[in-house]
Amino acid sequence: MSAAPVKALRTLVKVRKRQGERLEAEVQAARKQLAELEEARQAAEGELAACRADEATARDERDALLRTSFTPYAVRAADYRIEDLKGATAQAEKALADSHKHVERQAAVVKTAQAAVRRNDQRIESFEQRIATILRERDAAIEELAEEETEEAGAARFVARQRAQRQEAAHG
1 MSAAPVKALR
11 TLVKVRKRQG
21 ERLEAEVQAA
31 RKQLAELEEA
41 RQAAEGELAA
51 CRADEATARD
61 ERDALLRTSF
71 TPYAVRAADY
81 RIEDLKGATA
91 QAEKALADSH
101 KHVERQAAVV
111 KTAQAAVRRN
121 DQRIESFEQR
131 IATILRERDA
141 AIEELAEEET
151 EEAGAARFVA
161 RQRAQRQEAA
171 HG
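Counting in this note's numbering, the final residue of the sequence shown is number 172, and the numbers go up one at a time with none missing.
Don't take every hint at face value.
The calculated label-pair distances, taken between Cβ atoms and stated as ranges, are [what the hints assert, rightly or not]:
(1) A115 x A43: 28 to 36 Å
(2) A35 x R123: 26 to 34 Å
(3) E39 x A140: 55 to 63 Å
(4) A64 x A35: 38 to 46 Å
Bear in mind the hints are in silico, worked out from the structure with no lab data behind them. All C-beta atoms, glycine included, are put in the ideal place defined by N, C-alpha and C.
Starting from the given sequences, assemble the full structure and let the hints guide the process.
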């Protein structure tokens, strides 16, 4: 049997292992980016909580202002402040929603990268199994050939002995 299929498969294994290293690096980079996006999402949650707290504080201050003597300008200023804080809260909510989307997309990227690593590992395993099968078949063929040669040599010796005995009997 030729060594070419084994050599080709071993080359494929080496190529796949190098590709596996690259894929593993991609997984690590994707995980790192996911962690960074998770941190950004947590920061966005904190920002939203702070905006909501500021808005609640501004409403409480406006309510307290209305319970005491106040001027219309003070109430209008409190209302403007509340509106500004509502806008900031809405922006924080949008930023948090965007952050959730980014985290979900990156989590999908991580899963895809991990699946690619698994597929590559399966291919490597498949190639290695094929190499082992070819080598086993080659060894079995060599062993069978050796047995046939041994049988042929044994038969040749037997025939040679028979001839020698016949010749001795004929000459003797």
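Going down the list of hints, with the structure as the test:
| no. | hint | verdict |
| --- | --- | --- |
| 1 | A115 x A43: 28 to 36 Å | 30 Å, holds |
| 2 | A35 x R123: 26 to 34 Å | 29 Å, holds |
| 3 | E39 x A140: 55 to 63 Å | 59 Å, holds |
| 4 | A64 x A35: 38 to 46 Å | 43 Å, holds |
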